[in-house]
Every structure is written in C-alpha cells, then in structure tokens.
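K.L.:
Chains as they are written, first to last, in the working numbering: chain A, 1 to 255; chain B, 1 to 322.
It should be emphasised that the hints constitute simulated quantities derived from the structure, not laboratory data. Treat the hints with caution; some may be incorrect.
Distance condition first, Cα-Cα at most 30 Å in a straight line; then the derived BS3-like pairs of lysine-lysine [claimed, not checked]:
1) B:Lys223 <-> B:Lys7
2) A:Lys7 <-> B:Lys111
3) B:Lys155 <-> A:Lys7
4) B:Lys74 <-> A:Lys7
5) B:Lys180 <-> B:Lys234
6) A:Lys7 <-> B:Lys67
7) B:Lys67 <-> A:Lys248
8) B:Lys172 <-> B:Lys224
9) B:Lys238 <-> B:Lys223
10) B:Lys180 <-> B:Lys224
11) A:Lys248 <-> B:Lys74
12) B:Lys155 <-> A:Lys248
13) B:Lys180 <-> B:Lys238
14) B:Lys286 <-> B:Lys223
15) B:Lys180 <-> B:Lys155
16) A:Lys7 <-> B:Lys7
17) A:Lys248 <-> B:Lys296
Chain A side only, calculated, beta carbon under 7 Å to chain B, not exhaustive [as the list claims (entries may be wrong)]:
18) Thr11
19) Leu15
20) Ala17
21) Arg18
22) Arg19
23) Lys93
24) Leu95
25) Ser97
It should be emphasised that the depicted structure is a prediction, and the values quoted were computed from it without experimental measurement. For glycine and all other residues, C-beta sits at the position ideal for the given N, C-alpha and C.
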Amino acid sequence: MMLNEIKNVVTILELEARRLRHDYSDIIIRSVQPILWLVVFGSVFTNYRVIPTGEYSYLEFVAPGILGQSVLFVSIFFGLMLVWDRESGNLSKLLVSPTSRYTIVLGKSLSAGIRSIAQGAVVILLILLIGIRFRTSPLLVFLVFPAIVLIAAVSAGISIFFTSLLKTRERVMGIGQVLTMPLFFTSNALYPISMMPSWLQWIAHANPITYGIDILRSFMLTGDLSGIPLDLAVLGGYLLVLTLVNGKLLQRIME
Amino acid sequence: MSAISIKNVSKRYSNGVLAADGVSLEIASGEIFGLLGPNGAGKTTLLKLLTTLIFPTSGEIEVGGFKRPRYDHKIREIIGYVPQDISSDAALTGYENILISAKLHGIYGSKAVEVAENILKRIDLWEARNRIVRTYSGGMIRKLEIGQAMVHSPKILFLDEPTVGLDPSARKQVWAHIQKLHEEGITILMTTHYMEEADALCGRIAMMANGRIAVVDSPANLKKSVGQGCIVFKTAGKIPENIGVEDARVNGDSVTVYCCSPSEELPRYLRILENAGCSVSSVEIKETTLDDAFMKYVGRRMVEMEQWSATRRIRRVARRLE
Numbered sequence: 001m002m003l004n005e006i007k008n009v010v011t012i013l014e015l016e017a018r019r020l021r022h023d024y025s026d027i028i029i030r031s032v033q034p035i036l037w038l039v040v041f042g043s044v045f046t047n048y049r050v051i052p053t054g055e056y057s058y059l060e061f062v063a064p065g066i067l068g069q070s071v072l073f074v075s076i077f078f079g080l081m082l083v084w085d086r087e088s089g090n091l092s093k094l095l096v097s098p099t100s101r102y103t104i105v106l107g108k109s110l111s112a113g114i115r116s117i118a119q120g121a122v123v124i125l126l127i128l129l130i131g132i133r134f135r136t137s138p139l140l141v142f143l144v145f146p147a148i149v150l151i152a153a154v155s156a157g158i159s160i161f162f163t164s165l166l167k168t169r170e171r172v173m174g175i176g177q178v179l180t181m182p183l184f185f186t187s188n189a190l191y192p193i194s195m196m197p198s199w200l201q202w203i204a205h206a207n208p209i210t211y212g213i214d215i216l217r218s219f220m221l222t223g224d225l226s227g228i229p230l231d232l233a234v235l236g237g238y239l240l241v242l243t244l245v246n247g248k249l250l251q252r253i254m255e
Numbered sequence: 001m002s003a004i005s006i007k008n009v010s011k012r013y014s015n016g017v018l019a020a021d022g023v024s025l026e027i028a029s030g031e032i033f034g035l036l037g038p039n040g041a042g043k044t045t046l047l048k049l050l051t052t053l054i055f056p057t058s059g060e061i062e063v064g065g066f067k068r069p070r071y072d073h074k075i076r077e078i079i080g081y082v083p084q085d086i087s088s089d090a091a092l093t094g095y096e097n098i099l100i101s102a103k104l105h106g107i108y109g110s111k112a113v114e115v116a117e118n119i120l121k122r123i124d125l126w127e128a129r130n131r132i133v134r135t136y137s138g139g140m141i142r143k144l145e146i147g148q149a150m151v152h153s154p155k156i157l158f159l160d161e162p163t164v165g166l167d168p169s170a171r172k173q174v175w176a177h178i179q180k181l182h183e184e185g186i187t188i189l190m191t192t193h194y195m196e197e198a199d200a201l202c203g204r205i206a207m208m209a210n211g212r213i214a215v216v217d218s219p220a221n222l223k224k225s226v227g228q229g230c231i232v233f234k235t236a237g238k239i240p241e242n243i244g245v246e247d248a249r250v251n252g253d254s255v256t257v258y259c260c261s262p263s264e265e266l267p268r269y270l271r272i273l274e275n276a277g278c279s280v281s282s283v284e285i286k287e288t289t290l291d292d293a294f295m296k297y298v299g300r301r302m303v304e305m306e307q308w309s310a311t312r313r314i315r316r317v318a319r320r321l322e
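Extracted from the complex, chain A is given alone in its bound form:
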C-alpha cells in the first residue's frame, strides 16, 4: 500500500520531468527577472552599501535570496495551475485513478521541485556569470538542489491551499501576485531579518521562505550549518501539514 503510493509519487514526478523535457521555454523566459534583480537591483545596492551585510558584499548576500525567489515564483504558479480549473480533465483523471488524494497533492507539490531544479540551475549559472563566487565547498553548493525541491514543494503547497479555497477561475487569476510578493518581501531574501521592524520580524519568522533562503545562504555563502536542523524541521513541518490539509481540500474543490 505504502510502496504503491511512493511509486505513484514517482510517476507524477516522471510526468513533470517528461513535460519539462519537451518544453523548457518558460525556464528561459523566467530567467529575465533574476537577471534584473541581480544586475540592476543588486549592483546599485552593492555600490551604496545601504544594507549592512557584514563581511559579504550585498550581491553575494542577495544571490541566494534571488535563487529562492525564482523557486518561489515557479512553484506558486505551478500550484495555481493544478487547481485553477477545478474541472480540468487532467485533474479529474488523476482523481479517478486508484491514487490517494494525499499522494496526488504531495506528487504535484514535489513536481514543482522538478521544474525548480531546472530553474535553479539556470539562476546559479547566471550568478556565476555575473562574477559572484560561492565561498563554500562544491558539496554544499550541490546540496542546494535538494533544498530547492523542499522550498518548491512548500511554496506549491501554499498556492494549492489558497487556490483551492477560492475555487473559481476568475477569482484565482490575481492570487499569484497576492501570494508571491508578500512571501518574498516578508522573508530574508533582500535584507537580513535584524534590519526589520519588530512586527515584520514576527512575520518573517513565520514565513517558510525565510527558512528556505536561510538554507540556501548557508550552503552558498556562509557555510554555517548550525541553523539547518531548524530550517529543515520548519519546512518539513509545513510540507506535512500542507499535504494533509490540501489532500482534504482537493476533495472539496471538486464538489
């Protein structure tokens, strides 16, 4: 039973990998935004040193944040697509197969990770091209990829959650913006949490993206792994709860 469900998750991931292989144009298109953040925003802030980032340049500090942002953007829209047309034939076909609702939700969330790995690889390449160097070991930089999958799965889970509450196509249209921007700006992607006013610090500590970017920054920049267990626990907790809740909601959106 359990083994079958794991196999089903793998099948749903295979579906996404095959999709990506046939058409990766959106990965290229989506690279424009990180280029702007790094080349324009990052460069300006590096020159003027407005944000205190200690021994690192602002560009070095913000690069993991921009990587996290790319993953967030891909995944939010990914989850949205899954439920925005609740009567979509694709979804009903999955629901009629002998695959549990929770497996479908988990599989789809992790599928966002497949797409995000490709997106992440492009962004990392861009970061290197711009001339930012990672100060940690190659092994840690490689571990960025599993971290990306976790961040992507949580982000997709969040978007599945909100989308399934809204139900209709028309209402769902704007939700992508309403979700991504707050998650991005209330995280530690662009500035350290210590710079935030205390009310914002509270929000930042509840925001799962903060923990995701903390992992990326540890692996790419500081090499300090002391915060990783907490990061993993928070993200893992979010993924577990979102999967359980979304599995229930998936039934509701069909009604």
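Given the coordinates of chain A, assemble chain B onto it according to the supplied hints.
P.N.:
What follows is chain B alone, placed relative to chain A:
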C-alpha cells in the same frame, strides 16, 4: 447482475444548485447506456457521482457491485473515465500519455511499455505515437483519451460527451471505436447532448432534464412512443380531388402523408401520387426523432434548455479540441 445501481440519489452543490434530484437507475453489465439531455441537465454530475469524484447529498450508489463511499478505492480500480474536458497532457507524446496512465494504475516496467504499445495499435495512433499531443486533431485526442482510460482493462467505462466539438468524420471514428469496446463486453455509460449520437450508439437511454430522469428506454421504443413520421410532397400544378391515399392532408401545393417508416414507404406513395396525376417536384421526409420524444417526456425541446454557463464550457472544450 447490474453494473451500476443508483437509488434515489440527489446532489446539491455548495452554491445551492440541485444538480441531481432523486435519480434512480439500473444499468446491466455489457450495456451501452446513454444519458441524453441539454447542457446543464445534470448528466456530468451523475457521471462524477459514479466515478467517485464527488459525494451524493443523499441516496445509494453501487458501481460494479461496490458501494459508495466505503469501497471508492475498489471502484477506482475497475472503472475508466474520459472527462468532457481534455484529460491528455498536451505537452507529452501520445505514447507517454498512455505510459503514465498505466503507471498510475499500478502497471510498471516492461509490462507498462507492452500495454502502451498494444493500446496505441488498437486505437490507430501507432504512427502518431511519438508526436506531441498538441499537434493531434480533436478526433485523435479523444481516441487517445479513451485509450488512456483502457490501460487497466476496466469493466465499466464512463464517457462524458465523447464527441463534443468533433467534426462529422472524426465523430464517426470515435463512434466506431466505442462500438468496438461495447462488442468486447465492456459496460459503457456515456453522456451526450447529440440526439443522433444517442440514437446511433446506445442500447438504452435516459432522458435527463433539471437533474431528473424523465424516461428510460431504447431509442427505437422512445421514438415509437411518440408516433408516426410523415412525408411532405410538394407538387407542381393542380392536385386532383382524389389522390387515392387515406389520411393524406392537402395544403396548398403540398400533400402530407403520415406513416410509420417514411423512408421505406416513400417509393410506394410516390407511385400512387404520380398515378393519380400529381407531378411531384420535391419530397421532404420527417422521421420521428429523439427530440420529438424529448418534447413528449420533458415538455420542451432540448435546444431551448441549453444553459449559458454550460454552453460556455462546451464551447471552451470544443475550442481546445480544434
């Protein structure tokens, strides 16, 4: 044994719409059964109730001998479902679509490849197997979707508007394919709002409107219950007083004759009229249609009952299938 048994089932959606209103229905194993009604009649809702997608508000449902909702997981193992909206992945090839469907039904490895290849040959898509589905025609997509629903050799197949948006020749192909599956002994429950389709394919049909079933019978019986068809002869010149046909109605330059099977009796009446000195310039045959039967049992014509929202959905599907 009945393949499907529905007892007094109602479904009220959270927005208050009563989409199924005390529906009862028995469908025997091996039947090809049609739900006929205008868009918005509740056909898709009934299909979703049977395919475990939604839960009934009240009533009992059994599919393949398994009761809902306790045995939903068992039901999912023995049914295939082709939704109205496109369910194949347009970004993958036909082969990949079937392969993934097989894996989702617990068929892996070389067995999955074997199943996919067999099905592609059976649905005549072998040549096109490595093409991206986005490049398929509407008819090819529908056949692929039916193929995907067949990977686990289901006992019961549910088809929701299988030919909506297809051109006439593609429609004929899909019909032939459904007919073939029927001959293999699979129970088929399909919805349609095309009367010709119900007439051509289904052994029995249920006419639905406003969430209720108005009548269940074979297309032939339903048409017979409405009465006769007629032939209208348009004539050039004078129509003689006595044309030798009982029951004929003369109206201006046309003669209308009522009979049971107009197309077969046309030659005989034509001879009689010509012998009586009529010169017939054109002939119009009006067979009794299922729409006439629909009029009798529901009280309105099907086209009058189309709902805007449902029509919009259908158009959307049709556009995607083009």
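K.L.:
Confirm or reject each hint.
P.N.:
Comparing the hints with the structure gives:
1. B:Lys223 <-> B:Lys7: 27 Å, holds
2. A:Lys7 <-> B:Lys111: 15 Å, holds
3. B:Lys155 <-> A:Lys7: 24 Å, holds
4. B:Lys74 <-> A:Lys7: 19 Å, holds
5. B:Lys180 <-> B:Lys234: Violated. Lys180 of chain B to Lys234 of chain B sits at ~42 Å, over the 30 Å cutoff.
6. A:Lys7 <-> B:Lys67: Holds: Lys7 of chain A and Lys67 of chain B sit about 27 Å apart, inside 30 Å.
7. B:Lys67 <-> A:Lys248: At roughly 21 Å apart (the allowed maximum being 30 Å), Lys248 of chain A and Lys67 of chain B satisfy the hint.
8. B:Lys172 <-> B:Lys224: Since the Cα atoms of Lys172 of chain B and Lys224 of chain B sit roughly 25 Å apart, the hinted pair holds (cutoff 30 Å).
9. B:Lys238 <-> B:Lys223: 35 Å, violated
10. B:Lys180 <-> B:Lys224: 27 Å, holds
11. A:Lys248 <-> B:Lys74: Distance of about 20 Å is within 30 Å: holds.
12. B:Lys155 <-> A:Lys248: 28 Å, holds
13. B:Lys180 <-> B:Lys238: 52 Å, violated
14. B:Lys286 <-> B:Lys223: 12 Å, holds
15. B:Lys180 <-> B:Lys155: 14 Å, holds
16. A:Lys7 <-> B:Lys7: 37 Å, violated
17. A:Lys248 <-> B:Lys296: 44 Å, violated
18. Thr11: Where the cut-off is 7 Å and the nearest Cβ of chain B is about 4 Å from Thr11 of chain A, the hint holds.
19. Leu15: OK, holds: Leu15 of chain A within 7 Å of chain B, min 5 Å.
20. Ala17: Given a least distance of 11 Å, the restraint on Ala17 of chain A is violated.
21. Arg18: 5 Å, holds
22. Arg19: 5 Å, holds
23. Lys93: 4 Å, holds
24. Leu95: 6 Å, holds
25. Ser97: 4 Å, holds
Hint check: violations occur at hints 5, 9, 13, 16, 17, 20; the rest are consistent with the structure.
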